[in-house]
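Protein chains in written order, with my numbering: chain Y, 1 to 115; chain E, 1 to 109.
Be careful, since some hints might not be right.
To be verified - Using 35 Å as the maximum straight-line C-alpha spacing, the simulated DSBU-like pairs for lysine-lysine come out as follows:
| no. | chain 1 | residue 1 | chain 2 | residue 2 |
| --- | --- | --- | --- | --- |
| 1 | E | Lys3 | E | Lys69 |
| 2 | Y | Lys78 | Y | Lys15 |
| 3 | E | Lys3 | Y | Lys15 |
| 4 | E | Lys3 | Y | Lys11 |
| 5 | E | Lys69 | E | Lys52 |
| 6 | E | Lys3 | Y | Lys78 |
| 7 | E | Lys52 | E | Lys3 |
| 8 | Y | Lys17 | Y | Lys78 |
| 9 | Y | Lys78 | Y | Lys11 |
Think of the hints as simulated: they come from the structure by calculation, not from any bench. Keep in mind the model is a prediction, meaning the values are calculated, not measured.
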Amino acid sequence: GAGVSQTPSNKVTEKGKYVELRCDPISGHTALYWYRQSLGQGPEFLIYFQGTGAADDSGLPNDRFFAVRPEGSVSTLKIQRTERGDSAVYLCASSRGGSAVDEQFFGPGTRLTVL
Amino acid sequence: DAKTTQPPSMDCAEGRAANLPCNHSTISGNEYVYWYRQIHSQGPQYIIHGLKNNETNEMASLIITEDRKSSTLILPHATLRDTAVYYCIVRVFGNQFYFGTGTSLTVIP
Chain Y
1 GAGVSQTPSN KVTEKGKYVE LRCDPISGHT ALYWYRQSLG QGPEFLIYFQ
51 GTGAADDSGL PNDRFFAVRP EGSVSTLKIQ RTERGDSAVY LCASSRGGSA
101 VDEQFFGPGT RLTVL
Chain E
1 DAKTTQPPSM DCAEGRAANL PCNHSTISGN EYVYWYRQIH SQGPQYIIHG
51 LKNNETNEMA SLIITEDRKS STLILPHATL RDTAVYYCIV RVFGNQFYFG
101 TGTSLTVIP
């Protein structure tokens, strides 16, 4: 079956612009996660959705970052007034449920470059 | 919160067993240990997870010490395609994965 997909694969934008990154989880997976990975570092948790609601958004760095999942499937990560420090690979993952034993399946990521 | 400590890099000869250690001395009783790996330019890939008992699947074995303060991932016959960054993870705050910086494993021909 299809895995987690993310679009676009690459995004180049200018400082101050607004960007949206999309994640299509595995069909039927109720839990969805966003991570950010900077060069040479492991993925850093941003936000976790269970269904349509954000169950844990404690990893969002500031109020320029926002994510939605209106129908409990596709999710969009939105970044306002982008800064050069936002450049990173943004990873999305989904899991069947939200329990501690559920394996997370990751997408290939979106590489964001802020000039 | 439980965090993990891993060596930054390791080498392993092709065909030999790769043993990747991880310390998680502050792990809580109900926190699982997960291992993921990330091949360059790809998303992380699940390998194995466990709570108390040793686990084995088609990819690897996971050995967890009795006090649960450390674990070892074993790739029994490493191949060149196993070259990747390996992350030892414990669940924090219910659903977050804390990845750390992982171990960069290089399998040498």
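Going down the list of hints, with the structure as the test:
1. E:Lys3 / E:Lys69: At roughly 11 Å apart (the allowed maximum being 35 Å), E:Lys69 and E:Lys3 satisfy the hint.
2. Y:Lys78 / Y:Lys15: Holds, at about 15 Å.
3. E:Lys3 / Y:Lys15: Holds, at about 34 Å.
4. E:Lys3 / Y:Lys11: This hinted pair holds, its Cα atoms lying about 32 Å apart.
5. E:Lys69 / E:Lys52: holds (10 Å)
6. E:Lys3 / Y:Lys78: holds (29 Å)
7. E:Lys52 / E:Lys3: holds (17 Å)
8. Y:Lys17 / Y:Lys78: holds (11 Å)
9. Y:Lys78 / Y:Lys11: holds (13 Å)
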